[in-house]
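A.B. asks: These are the residues of each chain, in order.
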Amino acid sequence: MHMRKLLLTLTAFLLFAGSLLAQKTITGKVTDEKGNPIPNASVLVKGTTTGTSTKADGTFSLTVPSNAKALIVSAIDMTTQEKALGSHTSLDFSLSQEDKTISEVVVVGYGTQKKKDVTGNVATVKGAAVSNKPVQSFEQALGGRAAGVQVTIPNGVLNNPPVIRIRGTNSISLSSYPLIVVDGVPTFTGDASGTSAAGNALASINPNDIESIDIAKDAAASAIYGSRAANGVVFITTKKGKAGRARVSYDSWVGWTTATRLPEVLNSAQYTSYKNEALVNAGTYNATSNAFYQTPGPDGNPIDTRWYDYIYRQGFSHSNNINVSGANDATSYYFSFGYTSQEGMIRKNDFKRANVLANVDHKATKYLSFGGKLSFSNEQNLAAVSSGSLPGEAFATAGIGRAAVLLSPNVAPYNNDGSYNFNTANGLIGVMGNKVSQVGFYNPVPSLDMNRQYSENNHLQGNVYIQLKPVNWITLRTSYGIDYLLTDNETFADGRTGEGFVANSFGGSAASTYSKNKRWVWTNTIQFDKTFGKHSFSLLGGNEQQKSDNVGFGVGRTIVSDPFYTNLQGGFTGAPTTAGLGIGENYLLSGFGRLQYNYSSKYFLSGNIRRDGASQLGENYKYGTFWGVSAGWEVAKENFWTAASLDKIFSSFKLRGSYGKVGNISGLGNFGTLSTYSAGVYGTGATLSFSNAGNPNLTWETSKKTDIGLNFGILKDKVTFEVTWYKNNIDGLILAVQQPPSAGLPNSINTNVGSMYNKGLEFAINATPVNKKDFSWTTSFNISHNKNNVTQLAPGLTQIITTSPAGAATSESVSITKPGYPLGMIFVTRTAGVDPATGRRIFINAAGQQVFFDFSAPAAQRYKYADGSIAPAVGLQDAQIYKQSSPDNYGGFENTLRYKGFELNTLFTFQTGFYVYFGSYAGMRDQRFWNNSVDVLRRWQKPGDVTDMPRPVFGDNISNGSSFPLDVNVFKGDFLKLRTATLSYNIPKSLLDKAKFNSARLYVSGTNLAVITKYPGPDPEVSSNGNGTTNQGVDRNQVGNGRTITVGLNIGL
Amino acid sequence: MKHKIIFSLALAGLLVTSCQRSRLSPNPTTSISNASAFSTPDRVLNQVRSLYSAMRSGQFYGGRFVIYNDIRADEFINELTNGVTGLELWNETQNNNNAQVLGLWSQAYYTINLCNVFLDGMASTGSAVVGTALSNNYIAEARFVRAMCYYSLLQLYARPYWDGNGAKLGLPIRLTGNTGSGDYSLARSTVAETYAQVLDDLNFAETNLPLTYGVAATNTIRAHRNTAIAIKSRVYLSMQKYPEVITEANKIVNATAPFSAATGVNHSLQADITNVFKTPYTTTESILSMPFNANETPGTQNQLGYYFSKSAGNGEYSLNTAGIVADAGWVATDKRRTFNATVSGKLYLDKKYGAGNPYTDYVPVIRYAEVLLNLAEARTRSTNTVDPQAVALLNAVRNRSDATTTFTVGSFATATDLINAILKERRIEFLGEGLRSPDLLRLGLSIPGKATISAVAPTATNYIWPISATELLLNKLCVDN
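If you read the sequences in order, they're chains F and W.
Counting in this note's numbering, the final residue of the first sequence is number 1058, and the numbers go up one at a time with none missing.
Counting in this note's numbering, the final residue of the second sequence is number 488, and the numbers go up one at a time with none missing.
Hints listed in this document are in silico derivations from the structure and should not be mistaken for laboratory results.
On a predicted model such as this, the values are computed, not experimentally measured, just so you know.
It cannot be assumed that every hint is accurate.
Mimicking DSS-like on lysine-lysine, the simulated pairs with C-alpha atoms at most 27 Å apart in a straight line are [claimed, not checked]:
#1 F:823 x W:353
#2 F:653 x F:120
#3 F:440 x W:353
#4 F:119 x F:709
Sample of chain F residues at the chain W side, in silico, Cβ under 8 Å [what the hints assert, rightly or not]:
#5 550
#6 592
#7 618
#8 626
#9 627
#10 630
#11 672
#12 676
#13 692
#14 693
#15 694
#16 698
#17 700
#18 748
#19 750
#20 801
Ideal Cβ placement from N, Cα and C applies to all residues, glycine included.
Just chain F, same shape as in the assembly (with noise of 0.2 Å):
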């Protein structure tokens, strides 16, 4: 209460310091139209920032200057209402609900526009949909809110950046990534973090300050964006004060995460008698000196290790946010305070996030007003080891999701003493009574326990405008943005196992790098607003400049001193090296254009243009014109629609339209289109050499962008439905294209040659059915469908293959491109099955013949045909493509039903109609010493034996697909997610009243809470390669999401 009070003293003396000649007092009460009391309703002498706001019972008491003409009256939700003073000394007010589908605005880019008029595709998503939840960024909690829009979290580390696509994957070789922008300013996105621990760059932004997301899916609605427009434009906007007096809000939650769905392994007894039955099959079975055997532990029971148990955890967050928020006619301001702190399902794995936001806007004069928004926040993310998810880790020997179902679980991470258990000649962890050489990689405990991956950023994002309107129809502004994301990464590795270990010395590498990323932007307007009879316009103009600089830098020790040493600051005997070395630049100059029409709010046109010239273009293509035009109509106004007694059903009735050509820039590099000599040394002596071909001709990939839809809406709008055909037609898909290597040319140059199309159909319904005083449900479902095909790549490259993590060392060919195909479909070797005669894998060659293997059987003869002649080993050159790893169709389901103070809400997502190469479970069938799924169990045994598991043969790891991948790991991945689902309780007025509270309200929240599948893995919805555009569907040793449930409540003062 003190606090409370102390705010609205500040605030007192911040807006009404010096201004307070009292003459009279006017008293009144504000109610709704039932006559509802209305509490903290806005109470302002029109003209000046005198003012004051309602109690809870809706009356106010407000002394006012003898020069005071009228009063005016606000409230959020609610119609602003003025009355003039004269000579009352009572006046009381009644405002109706304000028309939301009038008044809700959406963001265009540079300006807002009201969603009835607009004809341009933009999906809105408020910021309520993504506060308040168990995540570290915004775009984790967007999945399913919006038609066109498919988000996937590839994995189960915290604040890993989730994939957004709009609208289908819009590139091959960029990005398929939308430009996100906030409050005008875009930002950087992606992974910004340097190690293990994902450092996803929005991050910063707490998503319990966002106001709205509006995403701009068609060329209309994002042609403003030109170069970067192909992929979609997402807009943030951040909360800005609302008229009234200081409001404060508290929100806390707090939540714990566990993993979930976990695949089922085989434990200590069955892996030692599975194993040595694999090894007596393989014929080199020795009681001495090859099998496997159970250590008894301390206990002296066998050893039965679930490492689950050790590399896994129940994980603990919270987070604290405040904010306090208002405005009067002058200004307005906003400010908050956010600390989250939240703890992984894997050990070690945690998130810390610091925030700070102060959004303030001030009117000075009639024509005079500017503003600005400042925002710091810190971020800490931590992690101990790989978990082997992020993009290209799948491999990771350390990794730590592969880890914990590969190794045996008839040793112990401890020794019966209580010391590490590792073999100290190579750093793997130790076999105690097995008498084979390897029952594992590396012992996650003491990596877990000793090593460290941070990565902390501090993201600096503001913005100040002037905007001058020296005619009420004119507005001129200008605004200068920055984002500033610096990042140190740390890591370290203890030298006597797992990563760090180097052979007969204390081993420990360190590495420190830092990078700095840096933008500005500049925009200047000019808009013209004018409306003449029922004709109304407004003409947008503008220039904008954008500036980046990355810097990067960094070294690395190896080999400590003595194990003190923890940290490369700390004694180290080998030589430092450099590490994360990096420095560029990039700018983009920009024009850019908008008029909208609307005759009689009946039809609309529209038509954007932006003219960008960018730093990363061929010297001969700095510029290109984008543009995108569109058109709406209103039937539902037409005298015709009236008389035909149509209005009768469809409350509104709007068809638009609309056809634009945007660009694509976003990942090419800074100076790749420059031919350029690099350095380096040949006998201590500097050399110079020609190290970059580049391409003076390089420009944009094109999309032209058709989008035709029809929203109407029945029951006076009681149900809204929209219905969207869209179509995208990409060109000039930059390619790395080969040139014969006999030219000698140092790279593969970048040229514009491909292209593809997405298509497909949106379907979104909105309802309320009940809206009664006690009881109300609301619900909403969108499905998306996409089709995308490759039409065309370069002369000379007839398909892509991709691998899994791309361009990593270890790594397998699963996903290729090829036109006449959708991007990334998933690539294997084909089997038809277990010989039941013989347990004898089967596959497929390339010309289609059977061929038995046998891992068993000599080298040479381990490959025969169905009459036992030898045939050529079987391998990648017999891949197929096979499935396809984007989904047919996606969407959600919300629905919100309210019980008096009650409320519960669910959100189902889904996604339909895709395949998964699932190769984790190559990994849990390889008959090496790896631990295996328990579904070996039903293996081939004897003849006449019918089933899917081959024959074990110990070091076989061909039969299972580990050698290269194949069709019996490929599993449909169709799923029906209950993403979250929430119950509040919202504390009656009554009862807040006596405390003083505007509203306070208690919730239970659970994410991921259950899913249909028939996927056998974990999650269906992982990625083992992030935002690639062509290596989709692959869920490689990954981690999959865990399943959160919070506690949390909200409070208003």
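Start from chain F and add chain W according to the hints.
C.D. replies: Okay, now just chain W, sitting in the frame of chain F:
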């Protein structure tokens, strides 16, 4: 006042906009634009070094090229069955898609293009920057490196010269620099045409290279006149043009022992061969070597020591105990036997490249001993007699490592016996130096079998390598072997 603000704002906006267009063409700070790569004498010199550096790549002469020419022949046994370290080359099953077949082709042509880009740049600006004398030296070095590339490719990707007297398919010959996209379809010239190009470059190099750099290290790692001559003796030997071999070798070998080069760098044999293979690696016996040190390494799985040494490397290949090591004439006390050692029960070429991690052994490209044996063989073949000087040359190589064996003219009943002795000496002397496969191929001998691998006859398809699959895909005029 109001209007002033508006106008100032508008004006400022315009000014800034017009001033910043240069930002659309930023210059990188970590690489040098092609426009200024030849602008100073230092940059030109640095580019010269880069040509050798490209040749020194672990994919090429810094490691793998030498390794491939040994392991595809008969002196080594594959121990680790690793495809990355040449299993398919060793067992003679290489195909168009082999990483080795693709990688060597690419790296050699990358080096060729660097030479061509350099030559173009010298013609347009570089020569003026450094002056005529230096310019000619540098151009000669570039043409020398280019010749090395084409010659090296011929040894693996084309039929030997004797087959049709060079009429078989050689290589696509590229002599101008490529710096951007384009149509690079080009058919293969004949073997004879390719050799002609190699010799044209080497002749220019001989005429224009400096006699010496005055520094032992530089004399070892960059080409000087005698380097070009020495390589020419090798090239003519590959073409079976023995009189020409004699002409070239005589330029740098005096008539009687002790043999040495009279002019230019004073090449001669070292008294102790092991001195050639240890630091500083820059004796006058090493006519050309590829340098390495702690900061310049061949790269993972490219190092000679990694393949051949068990105690200092990964022991990828052991010595074939049925190969030259079994030869009774190679006596136990021969100094060259000290390079071999039995480790973990197997015999390895353990010490020739014994520096170990980070693998700083220099890789020999050509040694003076080879010139002597080239000359000896050429004299014997061209005279078809037991040539006394040939015997003296053979003795020079033999005696410095094995004082107990001295050949006389009487040791050889026929010229053929002498030739066989010279060829055997080459196997002993150059074991692990990448000469075995080219020596078999230039003479049309079968590649002998080893372990379970059968011999490869000169008529067999796999006697030479197939052409890179990527080349065939992207260069429609290029045909496979």
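A.B. asks: Each of the hints needs a verdict: does it hold here or not?
C.D. replies: Outcome of the hint check:
{"no.": "1", "hint": "F:823 x W:353", "verdict": "49 Å, violated"}
{"no.": "2", "hint": "F:653 x F:120", "verdict": "23 Å, holds"}
{"no.": "3", "hint": "F:440 x W:353", "verdict": "26 Å, holds"}
{"no.": "4", "hint": "F:119 x F:709", "verdict": "26 Å, holds"}
{"no.": "5", "hint": "550", "verdict": "6 Å, holds"}
{"no.": "6", "hint": "592", "verdict": "4 Å, holds"}
{"no.": "7", "hint": "618", "verdict": "5 Å, holds"}
{"no.": "8", "hint": "626", "verdict": "11 Å, violated"}
{"no.": "9", "hint": "627", "verdict": "5 Å, holds"}
{"no.": "10", "hint": "630", "verdict": "15 Å, violated"}
{"no.": "11", "hint": "672", "verdict": "18 Å, violated"}
{"no.": "12", "hint": "676", "verdict": "4 Å, holds"}
{"no.": "13", "hint": "692", "verdict": "4 Å, holds"}
{"no.": "14", "hint": "693", "verdict": "4 Å, holds"}
{"no.": "15", "hint": "694", "verdict": "3 Å, holds"}
{"no.": "16", "hint": "698", "verdict": "6 Å, holds"}
{"no.": "17", "hint": "700", "verdict": "6 Å, holds"}
{"no.": "18", "hint": "748", "verdict": "4 Å, holds"}
{"no.": "19", "hint": "750", "verdict": "6 Å, holds"}
{"no.": "20", "hint": "801", "verdict": "5 Å, holds"}
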